[in-house]
Amino acid sequence: MQLEAMDRELMCSGHVGCPGCGATIAMRFALKTLGEKTIMVLPACCWSVIAGPFPQSSLKIPVIHTAFETGGATASGVRAALDMRGDEETTVVVWAGDGGTFDIGFQALSGAVERNENFIYICYDNEAYMNTGIQRSSSTPYGAWTTTTSGSDWKKLRKKNIVEALVAHRIPYAATANIAYPEDLVRKVRKARETKGSRFLHIYASCPTGWRIPAEMSVRIARMAVQTNIFPLYEVENGIDYTINVKPREYLVREYFKLQGRFRHLSEEDLDQIQGMVNEDWERLLRKAGERA
Amino acid sequence: MKKVLEGSQAVAEAVRLAKVQVISAYPITPQTHIVEILSDYVATGRMNAKYLRVESEHSCMAALIGAQSAGVRTFTATCSQGLALMHELLHWAAGARLPIVMGEVNRALAPGWNIWCDQTDSLAQRDTGWMQLYCEDSQEVLDATILAYRLAERVNLPTMVVLDAFYLSHTYEPVDVPEQEEVDRFLPPYKPAFTLDPGHPYSLSPLVTPNAYMEMRHDIALAMEDALAIFDEVEGEFARIMGRRYGAVEEIDTDDADVIFVTSGAVTSTVRLVLEELRSRGEKVGALKIKLFRPFPTEAVRRALSKGRKAVVVDRNYSFGASGIFAQEVRAALCNAPGHPPVFGYIAGLGGRDITTQMLSHIYFEVKESEAPLRESVWVGRQEVNRAT
Numbered sequence: 001m002q003l004e005a006m007d008r009e010l011m012c013s014g015h016v017g018c019p020g021c022g023a024t025i026a027m028r029f030a031l032k033t034l035g036e037k038t039i040m041v042l043p044a045c046c047w048s049v050i051a052g053p054f055p056q057s058s059l060k061i062p063v064i065h066t067a068f069e070t071g072g073a074t075a076s077g078v079r080a081a082l083d084m085r086g087d088e089e090t091t092v093v094v095w096a097g098d099g100g101t102f103d104i105g106f107q108a109l110s111g112a113v114e115r116n117e118n119f120i121y122i123c124y125d126n127e128a129y130m131n132t133g134i135q136r137s138s139s140t141p142y143g144a145w146t147t148t149t150s151g152s153d154w155k156k157l158r159k160k161n162i163v164e165a166l167v168a169h170r171i172p173y174a175a176t177a178n179i180a181y182p183e184d185l186v187r188k189v190r191k192a193r194e195t196k197g198s199r200f201l202h203i204y205a206s207c208p209t210g211w212r213i214p215a216e217m218s219v220r221i222a223r224m225a226v227q228t229n230i231f232p233l234y235e236v237e238n239g240i241d242y243t244i245n246v247k248p249r250e251y252l253v254r255e256y257f258k259l260q261g262r263f264r265h266l267s268e269e270d271l272d273q274i275q276g277m278v279n280e281d282w283e284r285l286l287r288k289a290g291e292r293a
Numbered sequence: 294m295k296k297v298l299e300g301s302q303a304v305a306e307a308v309r310l311a312k313v314q315v316i317s318a319y320p321i322t323p324q325t326h327i328v329e330i331l332s333d334y335v336a337t338g339r340m341n342a343k344y345l346r347v348e349s350e351h352s353c354m355a356a357l358i359g360a361q362s363a364g365v366r367t368f369t370a371t372c373s374q375g376l377a378l379m380h381e382l383l384h385w386a387a388g389a390r391l392p393i394v395m396g397e398v399n400r401a402l403a404p405g406w407n408i409w410c411d412q413t414d415s416l417a418q419r420d421t422g423w424m425q426l427y428c429e430d431s432q433e434v435l436d437a438t439i440l441a442y443r444l445a446e447r448v449n450l451p452t453m454v455v456l457d458a459f460y461l462s463h464t465y466e467p468v469d470v471p472e473q474e475e476v477d478r479f480l481p482p483y484k485p486a487f488t489l490d491p492g493h494p495y496s497l498s499p500l501v502t503p504n505a506y507m508e509m510r511h512d513i514a515l516a517m518e519d520a521l522a523i524f525d526e527v528e529g530e531f532a533r534i535m536g537r538r539y540g541a542v543e544e545i546d547t548d549d550a551d552v553i554f555v556t557s558g559a560v561t562s563t564v565r566l567v568l569e570e571l572r573s574r575g576e577k578v579g580a581l582k583i584k585l586f587r588p589f590p591t592e593a594v595r596r597a598l599s600k601g602r603k604a605v606v607v608d609r610n611y612s613f614g615a616s617g618i619f620a621q622e623v624r625a626a627l628c629n630a631p632g633h634p635p636v637f638g639y640i641a642g643l644g645g646r647d648i649t650t651q652m653l654s655h656i657y658f659e660v661k662e663s664e665a666p667l668r669e670s671v672w673v674g675r676q677e678v679n680r681a682t
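Chains as they are written, first to last, in the numbering used here: chain A, 1 to 293; chain B, 294 to 682.
Looking at chain A on its own, in the form it has when it is part of the complex (with noise of 0.2 Å):
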């Protein structure tokens, strides 16, 4: 792996994430890559927990933890005090979870990305609200179990497409990363820090927890996703140009879904239909980025 910043470490090990914490992964990376001269805003989310409680810390730069629904607008402030005290080179970043990004910060996070805010916004997706104990968000995608979307109850409408509600805002940047992709995430996070205005990057982070998977499968799963197609890596400059950035082997579904307990109860026509949802998605990706199937 050819990353100049590998030996830089800003996570502390005695962090209190549960094993095979995808999060936690995601967190490493992105801070060997954006490295001191970084202030991280964190609204209420799992890492709310993982950083540690007062007086301890896991995270070597300064953090702002924040109110659930805040992320994008307490960044707004901090880079505002920031240019005014004249510090042009720290960068700000929001790290916020699913349910802090698409659901209950989406207002936040709209208003600022509109205004072209300059600062990264990193939403590390585990796909629930695992921190208050696995219910539904609008990150939950088709089929899943919750505690909230339990039984025959389970969710049986679509993720929210989260990059695309932001590629509509026509930001600078946006881009899905995957913790079992560190040199493309590694890559992405350096691009997010070297481009000025609103930038997201949209984080598969598996959750060994809530999915009900072995935590020593976390990011083989993670993986599968994106070799399914489940989790495509893209990304988009301006909200015009997009480019796909692995082209996966294109593996059944199937085989993500039967290994996590999350999606136990789908029959095999359910995940035929869900099979159905993702070439759909794909093929629209591809149009999207100008290729062919």
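Note that these hints are calculated values from the structure, not bench results.
Ideal placement from N, C-alpha and C gives every residue a C-beta, glycine not left out.
A portion of the hints provided could be inaccurate.
Stated by the list, open to error - Output of the computed footprint for chain B on chain A, the stretches with three or more beta carbons under 8 Å from beta carbons of chain B:
id: 1; region: 53 to 64
id: 2; region: 83 to 90
id: 3; region: 102 to 110
Unchecked claim - Only pairs whose alpha carbons sit at most 25 Å apart, straight line, appear in this in silico SDA-like list of lysine to any residue:
id: 4; chain 1: A; residue 1: 60; chain 2: B; residue 2: 502
id: 5; chain 1: B; residue 1: 484; chain 2: A; residue 2: 36
id: 6; chain 1: B; residue 1: 484; chain 2: A; residue 2: 86
id: 7; chain 1: A; residue 1: 196; chain 2: B; residue 2: 488
id: 8; chain 1: A; residue 1: 196; chain 2: B; residue 2: 336
id: 9; chain 1: A; residue 1: 60; chain 2: B; residue 2: 492
id: 10; chain 1: B; residue 1: 312; chain 2: A; residue 2: 87
id: 11; chain 1: B; residue 1: 484; chain 2: A; residue 2: 85
id: 12; chain 1: B; residue 1: 484; chain 2: A; residue 2: 89
id: 13; chain 1: A; residue 1: 60; chain 2: B; residue 2: 497
id: 14; chain 1: A; residue 1: 37; chain 2: B; residue 2: 500
id: 15; chain 1: A; residue 1: 191; chain 2: B; residue 2: 491
id: 16; chain 1: B; residue 1: 312; chain 2: A; residue 2: 84
id: 17; chain 1: A; residue 1: 60; chain 2: B; residue 2: 498
id: 18; chain 1: A; residue 1: 60; chain 2: B; residue 2: 364
id: 19; chain 1: A; residue 1: 196; chain 2: A; residue 2: 239
id: 20; chain 1: A; residue 1: 196; chain 2: B; residue 2: 335
id: 21; chain 1: A; residue 1: 196; chain 2: B; residue 2: 364
id: 22; chain 1: A; residue 1: 288; chain 2: A; residue 2: 245
id: 23; chain 1: A; residue 1: 37; chain 2: B; residue 2: 364
id: 24; chain 1: A; residue 1: 60; chain 2: B; residue 2: 487
id: 25; chain 1: A; residue 1: 37; chain 2: B; residue 2: 488
id: 26; chain 1: A; residue 1: 258; chain 2: A; residue 2: 161
id: 27; chain 1: A; residue 1: 37; chain 2: B; residue 2: 484
id: 28; chain 1: A; residue 1: 60; chain 2: B; residue 2: 505
id: 29; chain 1: A; residue 1: 37; chain 2: B; residue 2: 487
id: 30; chain 1: A; residue 1: 37; chain 2: B; residue 2: 483
id: 31; chain 1: B; residue 1: 484; chain 2: A; residue 2: 88
id: 32; chain 1: A; residue 1: 37; chain 2: B; residue 2: 485
id: 33; chain 1: A; residue 1: 60; chain 2: B; residue 2: 506
id: 34; chain 1: A; residue 1: 60; chain 2: B; residue 2: 500
id: 35; chain 1: B; residue 1: 312; chain 2: A; residue 2: 86
id: 36; chain 1: A; residue 1: 60; chain 2: B; residue 2: 491
id: 37; chain 1: A; residue 1: 196; chain 2: B; residue 2: 346
id: 38; chain 1: A; residue 1: 60; chain 2: B; residue 2: 501
Once you have looked at the hints, place chain B on chain A.
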């Protein structure tokens, strides 16, 4: 220099003179003049500040929490629904010990939609940890806003400067606007107690277990207690430079009074007129204006009201199921003082209805002729209507 200003302009002038560095606001009537003027000051270079045109009041307060945490002086103005929407983050700003200053224009809460004067919006935030200053006229609005920065930054708690919708926000009065040099002598550049700095990485507002939370809250309680004395100190500094001081409370003709009105905000001016008229007829009546509502000046209120035989609180607000909110606070302040006077509570002027001199005279004679209050609250100036069933 004397200028004829709206209350809103008085706020904006004070914010300019305080050299605020980040302003964030969302439009809501009747606060908008304040932030329109500030937007113009920033656009034309009269202020060296960033103006964040956020998409809601909630985001507005979040942005100020971010900016103040990163070490700059901040301001916003709002009212009514906007303040209610900020509620969560009002707690946050105080808990995070950030000296944010806000202009709060007292406006009624919906429904029904009503843009006129009513204090329930700001009083409903009394438990958030913000200091609150209620102003009587535009001069006091300007002075209180400048003073609020010094006070907030000494105490490390946020401060709300409260002014009546329209009666103050949209009324032109002569106001003495201090020179920049005078304000600079009173208000030094902001030196944050802590700040977000990559050179010294701290985590602000992290997870706090039961092992530490209570001590943090107690620290805020102590800061609020200290704020009473600091308010006096800061007012003294202000008076030495500007020649004006107001007091946490102001006693008007209380020394020989039998009945003492308790007021806040612009209605105090109306009470002053009524006092002149009644005094000329030999009535022994006085008034106690409460400017500082948080922290509540309990001792000063006790001292003033114990001079009279009866206290009567005029509340332009109401707490359903209880009473007027100033009346509650006054009763609470008096209840442990032996031999304290009875407290009569009157509710008047909700949703922008005028509180007239006739109304206040009527209240005075009713109280004079009653031995004790028959009810916790008497609503005055109310029309008879069939009750909703």
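What are the numbers of the hints the structure violates, in ascending order? none
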